[in-house]
Amino acid sequence: MTGAGAIAGGSKPRLPRGVRLKYDNARGEWLLLAPERILKADAIAVEILKRCDGRATVAEIAAELAALYSADRARVEADIEALLSQLAAKRMVDL
Amino acid sequence: MSETAAKLGPPAGILAELTHRCPLGCPYCSNPLKLEAREDELDTRAWQRVFTQGAAIGVLQVHLSGGEPAARPDLAQIVAHCAKKGLYTNLITSGIGLTQARVNELAEAGLDHVQLSIQDSEPASSDAIAGYAGAFARKEAAAEWVERAGLPLTVNAVIHRANISRASKMVELAVKLGARRVEVAHTQYYGWAMLNRAALMPSLEEAQAAIAEVEALKEKLSGVIVIDHVVPDYHASFPKPCMGGWAKSIINITPSGKALPCHAAEVIPDLVFWNVRDHALEDIWRNSPAFNAFRGVEWMREPCRSCPRKAIDFGGCRCQAFALTGNASEADPVCHLSPHHAKVAQIAQQTGVHPAPAYRYRTMKTREPVG
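Note that the protein sequences, when read in sequence, are chains A and B. Using our numbering, the letters of the first sequence map in sequence onto residues 971 to 1065. Using our numbering, the letters of the second sequence map in sequence onto residues -5 to 365.
Since the hints were derived computationally from the structure, they do not count as laboratory data. Any given hint might turn out to be false.
[Stated by the list, open to error] For lysine-lysine, the following DSSO-like pairs were computed, each having C-alpha atoms within a straight-line distance of at most 27 angstroms: (1) Lys1(B) <-> Lys992(A); (2) Lys214(B) <-> Lys170(B); (3) Lys28(B) <-> Lys242(B); (4) Lys1020(A) <-> Lys982(A); (5) Lys242(B) <-> Lys304(B); (6) Lys78(B) <-> Lys1020(A); (7) Lys1010(A) <-> Lys28(B); (8) Lys242(B) <-> Lys992(A); (9) Lys242(B) <-> Lys1060(A).
Predicted model only: the values in this text are computed from it and were never measured.
One chain only, chain A, in its complex shape (with noise of 0.2 angstroms):
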């Protein structure tokens, strides 16, 4: 099981296809469009994935967010690490 903190800082996260951030009019909420899943994305999780192009690291996602909120970033890090490793063992976001 991969846990938190086990991601590099200089992965870069992507999206692999067949998984999807979609702003669902109806609903009004984010979410995450997946095979035979349907994840509610909270804002946090929001503006992280949005980021996971297959280009940012880890480690530039976490600046660029703790600057844009100011925040600590250690704490966004381990935000994102948390939120990768969930979506990593799903199969639903590639390292």
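Chain A is already provided as a structure; the job is to place chain B on it using the hints.
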């Protein structure tokens, strides 16, 4: 409008049975015994209209199923239309009828995901279960084309007496075929599977051994493949939350356009199903008598009515309640609180009789009048 209808959210998915035609004859097929004929199928434009209406009312995912959806020459056109409307498309296929060129065409049309069925991990047994020589090899080829096209793959394996000793081998095969996800589903007894129940149902010991093996693999293969495990409910104490609640998230549409709250719902007598040829999808979702028949909890009797689990499992499966008790408003008799639970236990005890009876293969021909 009742309180339930007022609070009704949009449907999350459409299960579109594009056709009931299929080259395979799997004896546990989830289609109804009375299969719909080609000449009654909705045409391309009718399906496109349904998906346009679905997208407008909040449908998120479309499961293109059958029969074998690849039997429809307009499959890529339908996928492209769904993609244009922002719908997530999932192709549920046996692999037969696909070619590399067709898989590429579907990928280019915007297909999001492919679910491929396998019958067994051994070719000879696999072909015997499907009633189709060479099916196994064609499925292996289909999986490779899917992977080459860059499409994500789920493998679906239905477990029953003839393959239950190879449940973990089937998971290993799914990994080998490049799947990110595998559904290991013990047979549920409806339609063709009910007709073949004696030939399909494993013994309790076999079921328990297979369940333990697959559960162990979940942990071992975490991060490699996701295992979704549907365990046999005849051996359970609580019923499954069938469809996540009747008419709560899915609309099933048959090849001829009948809208059902679940694919087996037609076995329940006296339900009135509306057709997408006559009614808009939103009207069906809100007002179709069949959809409202068992929505919410108002229809429930005891032991469901006062049960603390009624919002967890919704009384189980209506079709199974009808099949085993003769009344679709009863608790699913899989529940240990059902006064009919002894019947389920009795059926589960009768399994494992040797030799297994021959399959009655799924076929359109024997059930349709000639001419």
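- prompt: So which hints don't hold here, by number, going up?
  reply: Per hint list: single violation, 7.
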